[in-house]
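Read off the chains here:
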Amino acid sequence: MLIPSLLPAAGLLPRRRFLQAMTALGSTAALPAWAQALPAARTGTPPELRGPHFELTMDYTSVDFDGRRGIATTLNGSLPGPTLRMREGETVTIRVTNRLRETASIHWHGVILPFQMDGVPGISFAGIAPGETFTYRFTLEQSGTYWYHSHSGMQELTGIYGALIVEPRGGETIRAARDQVVLLSDWTGDDPMRALAKLKAEAHVYNQNNPTLVKLLRDARQHGMKAALAERDMWNAMRMSPTDLADLSSRVLSYLINGQASGANWTALFKPGERVRLRCINGAGNTFYDLRIPGLKLTVVQQDGQNVEPVTVDEFRIGPGQTCDVVVQPREDAYTLFAQSMDRTGAAIGTLAVREGLKAPVPVLDAVQWLSMADMMGGMDHGAHGGEGDASAAMMNHGSMDHSSMGHGAMNHGLADGNRPARASAQVRHARTEWGPGSDMRVDMPRANLDDPGVGLRNNGRRVLTLADLHTIGGPMDPRGAEREIELHLTGNMERYTWSIDGQRFADSKPVHFKYGERLRVILHNDTMMTHPMHLHGMWQELESPEGKFLARLHTIPVQPAQRLSFLVTADALGRWVWHCHLMFHMDLGMFREVVVS
Amino acid sequence: MNKFELNPPSVGGIRPLHAFALLALAFGSSVAAAQGMTHDHGATHGATPAAPTPSPATPPAAGAHDHGATHRAPPAAAAASPSPQAPDAPVPQAAMDHGDMQGGSPPADARDPDAYANGHERGTGEHVPPGVTKLHLGDEHSFASFKLNRLERVFPRRGGNHTAYEGQLKFGGDFNHAVLKAEGEVAGGKLHESRTELLWGHAIAAYWDSQLGLRHDGGEGPSRTWLAFGVEGTAPYWIHTRVTAYLGQSGRTALRLEAEYDAYLTQKLVLQPKTEWHFYSKNDPEQGIGKGLSSASLGLRLRYEFTPQISPYIGVEWQRSFGRTADFMRDAGGRASQTRWVAGLSFWF
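Line by line, the protein sequences give chains A and B. The first sequence lines up with residues 1 to 598 when you count with this note's numbering. The second sequence lines up with residues 1001 to 1349 when you count with this note's numbering.
So here's chain A without its partners, still in its complex pose (with noise of 0.2 Å):
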């Protein structure tokens, strides 16, 4: 893809491949003149936008973030586009108008909806041609906070997305005097595709955590030499690295908060001792946020739209695809929102305040923590309990290793009724294909608790949100007990850059078959260095503990390394639909699977 991008007098490519490239090539003088004439992108808080009736139209418009300049692809030249608000019961009627040079989509992210309407091109329709007009029309069976976004190619992370917030039929159980949207996304400055390109040719391109002699010499002043090379020795024997938290970093990203980088001070305003409702939403194309709002404490009253007992919290950390609404109630006149990315390189930042023009103080990014032995091998390290501090603590409590936290695994088919166990099988079974050269690891001893709030989080002193907080009110959706399991590996190779499931690649992959009807359980297995968000289009994934206790009701599944985790799902819409991280890279390089429900 690089080449043809440096040769657009070849015609290859669509305008805005070519303007990017251009736009990556020579920074922001190199904007032709048509593109400078381009109208900027309205960001922002976003026009909103009610329902039954919908009229989005996909165009070029320019953006500026900081100074990084480019064309990005819009809705109704809003970026993030308008926020559409539907009412649950309502059949609504949303007419997507593409002026773009490309095929493009829109996927209604977590919305549960007939597949035809899901929005995926390949899949559920043929894409939207250029020049025409799709029309979705489909029944609210849900409430809550959801996002859209377009599912074709590289635009969802050239500005297509924005927020759907669906009322409760009955009125809203979320008390709350202000309601405000906070979508998380961010920018490649590059073309996406030439960003992608680069991650082939070396895959730690921007990667600006390297372990360093500089870090060596400290960690041996702290530790002795021993332990420090002992801890560097384990990594560069596995030729893995203890700082790939993110493919991406603040050297080709920028950090947006509703549309906004930093410098824009994004503010939303409320009034002393009112409740403060945000419906937080990653939209990114690849940033896991770690969002707190220091001063406040944040009641996550929602998670991927489905209401949850109230959990208070100091921070949570949100990955594309996810949602999560808090309520806070703030006092001062001004706080600040602070969004560090996983890989603590940059942030997306916002005010709370009580009028414009308000600034909070800006907490310092957070120190880099290195993965711990947890995160390579599961069950090898009791780091999983958050009992791992920095790099530090993980190499002097290597030699101390607790080992009673393992070794459980043959006690765990307690049978609820008749054949169907209670709690998710512990053995471990590797598909064959993950002993291809697109796979760099698999883990045998995985970690199978949910109160790890993850690398970069571990004992920071702050209460942080972890999946085992989560408890969808009302329970799960459907009695049953699972019928069946389907034991999924997510794969990659580091190195190459490669990504998939049960170490094959979409283009080699069969699809997943789910008989219509079924109440079937899900295990996913993390053989990988990183967090995938898996997310699953049209069905629910009723997550639940290592015991088999229902959790919460998710459309995208944080599976963090070396992590094995299940839920059950209820196979209650036929049709084809998909099944994915919600890293896009990772996505588009074939951590995608087909499931078919028939």
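Keep in mind the hints are simulated off the structure, nothing from the lab. Here the structure is a predicted model, which means the values were calculated and not measured. Careful: at least some of the hints might be erroneous.
As the list claims (entries may be wrong) - Simulated DEER-style distance windows between Cβ atoms:
| no. | chain 1 | residue 1 | chain 2 | residue 2 | range |
| --- | --- | --- | --- | --- | --- |
| 1 | B | ALA1108 | A | LYS515 | 26 to 34 Å |
| 2 | B | LEU1247 | A | MET225 | 41 to 49 Å |
| 3 | B | GLU1121 | A | GLY474 | 53 to 61 Å |
| 4 | B | ALA1182 | A | GLN222 | 44 to 52 Å |
| 5 | A | GLU55 | B | SER1105 | 53 to 61 Å |
| 6 | B | ALA1343 | A | GLN36 | 35 to 43 Å |
| 7 | A | GLY461 | B | LEU1293 | 57 to 65 Å |
| 8 | A | ARG429 | B | LEU1180 | 37 to 45 Å |
To be verified - If the Cβ cut is set under 10 Å, some of the chain A residues that face chain B in the computed set are:
| no. | residue |
| --- | --- |
| 9 | HIS53 |
| 10 | THR57 |
| 11 | TYR206 |
| 12 | LEU213 |
| 13 | SER241 |
| 14 | ARG429 |
| 15 | GLY474 |
| 16 | ARG576 |
Said to hold, decoys possible - A short list of chain B residues far from chain A (calculated; beta carbon distances all over 10 Å):
| no. | residue |
| --- | --- |
| 17 | GLN1102 |
| 18 | ARG1111 |
| 19 | ARG1153 |
| 20 | ARG1158 |
| 21 | HIS1216 |
| 22 | THR1234 |
| 23 | GLN1267 |
| 24 | PHE1279 |
| 25 | LEU1300 |
| 26 | TYR1313 |
| 27 | GLY1323 |
| 28 | ASP1331 |
Using N, Cα and C, we set each Cβ at its ideal position, and we do this for glycine too.
Fit chain B to the given chain A structure using the hints.
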């Protein structure tokens, strides 16, 4: 670029291998490799030690070098599922060894990844809407990259300066690609020597590609064409390694070993030791090459990554000819060993 000594200086008593070991020692991460230390961190926990790490100069054969040459742990050992509530249980020794996390071959009872399809195929069959053609994602794309690893001015301690280059152009998918490798020296405006290879690379293991193709030696003197077969990849400890065997005209064979390592001193300052060894099966006086180990070199370059893609560097290179090659060198009025300073630029896109 070892077959001619353009400017024969003295080496000052530093032996390449010695120097490599010292360097490796200095930069932590490669220390174990240089010392032949075992990499089994499990030893910390009292587990059985794993196989010794291959040294950079003698990479193992394809397939066997993946850290996980030992076989996968038995299923019973693999079944452990830790949780805070887990009862105490002894940990099987085999499972403590991380040697089975990488490489190897699948056991007979490995899961069939297609079993969940129940006979369904992607993009065909029931519930495929009209007009929908099969979805293709980026995993089927081809990518291209161009890397100029070295474009440098060479300053021998005695004699004239010249320019050297080494780069590659790669195009293809994840597991199969074409690669054009070129290196050579330009002196006095003339291509003094060049070696160009056109290879087909094929992934054979997580970190290793096999390479098959042609090599052409050009520049001054008679040109030579070889059939090339090799293995290239990343050995444990991030040592980029390449072993290539060549089959030439009139029964000539040759072997080339290369290894290099990037030691990050800071996020931008990178020290790169690099070594190269050449062996030939026959004397080739016209090319100044003798039978056996003909030459070896050790380079040390310090680069500054302005961006990850553009790095100027300075460095030093020791080079030595051996046996008949050294004789040819001396006959031509040169010296068998030399030290040279280099300054250059590397970039890629």
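Status of the hints after comparison with the structure:
{"no.": "1", "hint": "ALA1108(B) <-> LYS515(A): 26 to 34 Å", "result": "holds, 29 Å"}
{"no.": "2", "hint": "LEU1247(B) <-> MET225(A): 41 to 49 Å", "result": "holds, 47 Å"}
{"no.": "3", "hint": "GLU1121(B) <-> GLY474(A): 53 to 61 Å", "result": "violated, 38 Å"}
{"no.": "4", "hint": "ALA1182(B) <-> GLN222(A): 44 to 52 Å", "result": "holds, 46 Å"}
{"no.": "5", "hint": "GLU55(A) <-> SER1105(B): 53 to 61 Å", "result": "holds, 57 Å"}
{"no.": "6", "hint": "ALA1343(B) <-> GLN36(A): 35 to 43 Å", "result": "holds, 41 Å"}
{"no.": "7", "hint": "GLY461(A) <-> LEU1293(B): 57 to 65 Å", "result": "holds, 60 Å"}
{"no.": "8", "hint": "ARG429(A) <-> LEU1180(B): 37 to 45 Å", "result": "holds, 42 Å"}
{"no.": "9", "hint": "HIS53", "result": "violated, 24 Å"}
{"no.": "10", "hint": "THR57", "result": "violated, 23 Å"}
{"no.": "11", "hint": "TYR206", "result": "holds, 8 Å"}
{"no.": "12", "hint": "LEU213", "result": "holds, 5 Å"}
{"no.": "13", "hint": "SER241", "result": "holds, 9 Å"}
{"no.": "14", "hint": "ARG429", "result": "holds, 5 Å"}
{"no.": "15", "hint": "GLY474", "result": "violated, 26 Å"}
{"no.": "16", "hint": "ARG576", "result": "holds, 5 Å"}
{"no.": "17", "hint": "GLN1102", "result": "violated, 5 Å"}
{"no.": "18", "hint": "ARG1111", "result": "violated, 5 Å"}
{"no.": "19", "hint": "ARG1153", "result": "holds, 25 Å"}
{"no.": "20", "hint": "ARG1158", "result": "holds, 33 Å"}
{"no.": "21", "hint": "HIS1216", "result": "holds, 23 Å"}
{"no.": "22", "hint": "THR1234", "result": "violated, 6 Å"}
{"no.": "23", "hint": "GLN1267", "result": "violated, 6 Å"}
{"no.": "24", "hint": "PHE1279", "result": "holds, 27 Å"}
{"no.": "25", "hint": "LEU1300", "result": "holds, 15 Å"}
{"no.": "26", "hint": "TYR1313", "result": "holds, 16 Å"}
{"no.": "27", "hint": "GLY1323", "result": "holds, 35 Å"}
{"no.": "28", "hint": "ASP1331", "result": "holds, 44 Å"}
Of the hints listed earlier, those the structure fails to meet are numbers 3, 9, 10, 15, 17, 18, 22 and 23, in rising order.
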